[in-house]
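**Student:** Next come the chains, spelled out residue by residue.
Number of protein chains: 2
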Amino acid sequence: MLGGLSRPTVAFRGHLNSETSLCLRYGVNMRCLAARVNYKTLIVICALFTLVTGGGKATRSSCHSAGYSKVYTQRAPYHPDGVFMSFEGYNVEVRDRVKCISGVEGVPLSTQWGPQGYFYPIQIAQYGLSHYSKNLTEKPPHVEVYETAEDRDKTSRAAEWTVPKGCSLSTVPDKTKFTNVKQFVAPENTEGVSLQLGNTRDFIISFDLKFITNGSISVVLETTEKNQLFTVHYMSNTQLIAFKDRDIYYGIGARTGWSTLTRDLLTDLRKGVGLSNTKAVKQTKIMPKRVVRLVAKGRGFLDNVTISATAHMAAFFAASNWLVRNQDERGGWPIMVTRKLGEGFKSLDPGWYSAMAQGQAISTLVRAYLLTKDQVFLSSALRATAPYKLPSEQHGVKAVFMNRHDWYEEYPTSPSSFVLNGFMYSLIGLYDLKETAGEKLGKEARVLYERGMESLKAMLPLYDTGSGTIYDLRHFMLGTAPNLARWDYHTTHINQLQLLSTIDESPIFKEFVKRWKSYLRGGRAKHN
Amino acid sequence: MLGGLSRPTVAFRGHLNSETSLCLRYGVNMRCLAARVNYKTLIVICALFTLVTGGGKATRSSCHSAGYSKVYTQRAPYHPDGVFMSFEGYNVEVRDRVKCISGVEGVPLSTQWGPQGYFYPIQIAQYGLSHYSKNLTEKPPHVEVYETAEDRDKTSRAAEWTVPKGCSLSTVPDKTKFTNVKQFVAPENTEGVSLQLGNTRDFIISFDLKFITNGSISVVLETTEKNQLFTVHYMSNTQLIAFKDRDIYYGIGARTGWSTLTRDLLTDLRKGVGLSNTKAVKQTKIMPKRVVRLVAKGRGFLDNVTISATAHMAAFFAASNWLVRNQDERGGWPIMVTRKLGEGFKSLDPGWYSAMAQGQAISTLVRAYLLTKDQVFLSSALRATAPYKLPSEQHGVKAVFMNRHDWYEEYPTSPSSFVLNGFMYSLIGLYDLKETAGEKLGKEARVLYERGMESLKAMLPLYDTGSGTIYDLRHFMLGTAPNLARWDYHTTHINQLQLLSTIDESPIFKEFVKRWKSYLRGGRAKHN
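Top to bottom, those sequences are chains A and B. In terms of the UniProt record's numbering, the first sequence opens at residue 1 and continues consecutively. In terms of the UniProt record's numbering, the second sequence opens at residue 1 and continues consecutively.
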């Protein structure tokens, strides 16, 4: 976010009011010059600064409000079934490095380190954890029900179906669901049977679906582009995403058994329109304004068509189930992309594990287990500790600092890289598991957690520059400059330490949180 | 120097010309905002800044030229008989933590960590090394000869002696000096015999002296205090220093054998007038303007009375000889003051050794040996390596970082402190010795040097904050905030690395010098 800045800019931290402080920012570096100056003074300074530093090049646009990552307060002691850190504020799917939410898998596809797209377990776990956390912190959404195929359901409005010539629609009982469902028959050469929706408020659509033949469910949208209807098609194939004219296509697999499809139409629309062959989804202004209708084609069954503002649990379980399905026989989630951490490090070849992925997956799976009591989640989480025990050279994620401190590597590089934030996520996962699995099953996680925490407490000072933090220890491992953490990683470090300070009484966490927060306000450690 | 600053100040780096840059300084932190702004703009900024930040409290006086320690260019490859780093720019005796130059010992007495004063081998070695370096870089001084007791010496002016009633003065041959000398007899109740000097340019006085009874040599000075003559008395006792009215007293010991006394009258005057019971000599404006005359009392002999601008070799050998005389049976120079490095460290009780003292002493002694070929200096230097080999707990100076890297401690604390600049000085001493002593005698120094250099190369990145340097590793040892190096230590780090880069080809030194220099101009390491 701040990566591109090299020229100093004037920034106002916070809102422009009596608390406003004037800050000078140099790339990652920010110094607050004056707190509580009034608005007029700020304008003067801002103009003058622009005059002096720009040499005619800078403009008023370099004076702007700074949009830093926030430091959250850890509201209450952390629990494995609670909000995950500050993830209720995360919106994974909106990131431009998320190509789209896969229709087949229901989870995001990353282009961060490869434009071809790949499933990145860290991103998937964060997708799950953010929706899990939002579900705890947001109020339940209003759900508009459009079709349940039950007459007796008085709360639902009468479904308005249009059935063109050559198509049919009927209400039939379903043996496995023990309810009535809608059966549709709509050959490819017809317009399909359509259900009026007309929702202008919410954009998460959900329905139960079972195809008999190939088919599609399409959703027609009015958008901020005037007089232009866009249609999102959910097709019974495995194509990831396509966009042509005003049609966006997502493959959702064959769906020959019953399943619920829940789609964020806003995300699906914008990822389609912004589709690109590069690493980043293109910026677009388009927004949905109205969900007009749903159109079914082919032969199949539909039930429980709803629209709501959110469907966090659907996203959470999509992530949890993906993790269960995609864990390999070593307990890991192999990452199928080459990762070169930087000069001096060997590349990680596709198939590497990440302690951060293992940890975040565990945190997700533990929550799924605590919600469902389904052993499949706990058992997957327990198997996920295996790579923590193996050194990086043996396809694990364990590094040892100076022959003394065990460390779990976000990137199991050679030489070791000791990335701080990934390590802390790996520890939080272990904590969740040892707290949940009981003394016996959780013993391994507990031992790994305790060793890791010992390392963290010993090594934390190495990441402290006295005015910010360092992302990893590559400077020590490679003899280079420190790889300074940009502010959003710095705030991540703080948020993680705040979480840890509620589960471990060691004063180091509270002290470091206090000091590292002060750096955000331009504070510095003492000099001699 | 910058230790007290906590409020930001505007500083102009460099002279006020087209190269001037506007910098904002926060204690140790300086950011350069704009280069090449013109003088008028600077004045506007300066005034505005004062207005905004001070809230009425700051004044124009916070706008000033910054006087940072300079980074020197290592002119040529370093050699054990050459200039020591940038020490030709040091002026040890002028520091307010130097109580005075002892008349008995000829070396400075420190009050840095104790107002009572104590001989601090580091300061003494630096006194020697700075004068050695000045001697190589400055042109030889003009020496005005006032008395040689030889008529045949045509270059010397005719000595103008005044011999009052009850006193006598005669020219006599001296058996040990093989020349004529002046014999004086001047009882305490007389005014003493006096020699007119009348030098208004230079203030280093030197003479050969031998007392038969107690006596004194006094030097009368005109100063910047109008109509007030000050007198510096060199007394045949062991009093350190005293000051009363306009008389300053230095004990120079019995001097019953021939010795040369060389005194910097400017230093002797100012240390006397500024005499204090605190750690710091008081500020004074007084300066000598004219060396009026020399007065001898008691019974004794004088010869070779001269005045010159400098006498660097005298100071250098005073230091070298003090080091030889005061080395103990373990090869160390015990420091007879309690040193508490900071919270979390045990106090060092009087008698501790310092690797920095050992190293700087070695550098001094090696130079004395190379000048004189006197084995006493080399032998002392060789014995000085002994404390490097013993751990701090065993009255040595060796620490081991993480069970792997040998380190020589400026302060052999428990826990270890790993002070960077002291370590590098200790290595430079070892280098001087191993280069000078030959393969056989120098073997131990070479092994210690090589191990130390390995540690330095490995650990150097731990001192790099990405915008400055850290003084020691107490943050890692104690789990605290990093102890940031103030700018003059930062420049010392750079000067030391520049020296090392000329004697070791490892690219790390050149790279770190380049980056650490960039920090002085507001540069920063990259962030991710």
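Treat the hints loosely; a few may be bogus.
Identical copies carry no separate label here, and so any pair may be met within one copy or between two of them.
Claimed, not checked - No more than 35 Å apart at the CA atoms, straight line, and that leaves these computed lysine-lysine pairs for DSBU-like: (1) LYS70 x LYS440; (2) LYS175 x LYS514; (3) LYS517 x LYS70; (4) LYS289 x LYS373; (5) LYS510 x LYS165; (6) LYS165 x LYS282; (7) LYS373 x LYS457.
Derived by calculation from the structure, the hints in this document are not laboratory data.
**Student:** For this structure, which hints from the list above don't hold up?
**Tutor:** 1, 2, 4, 5 and 6
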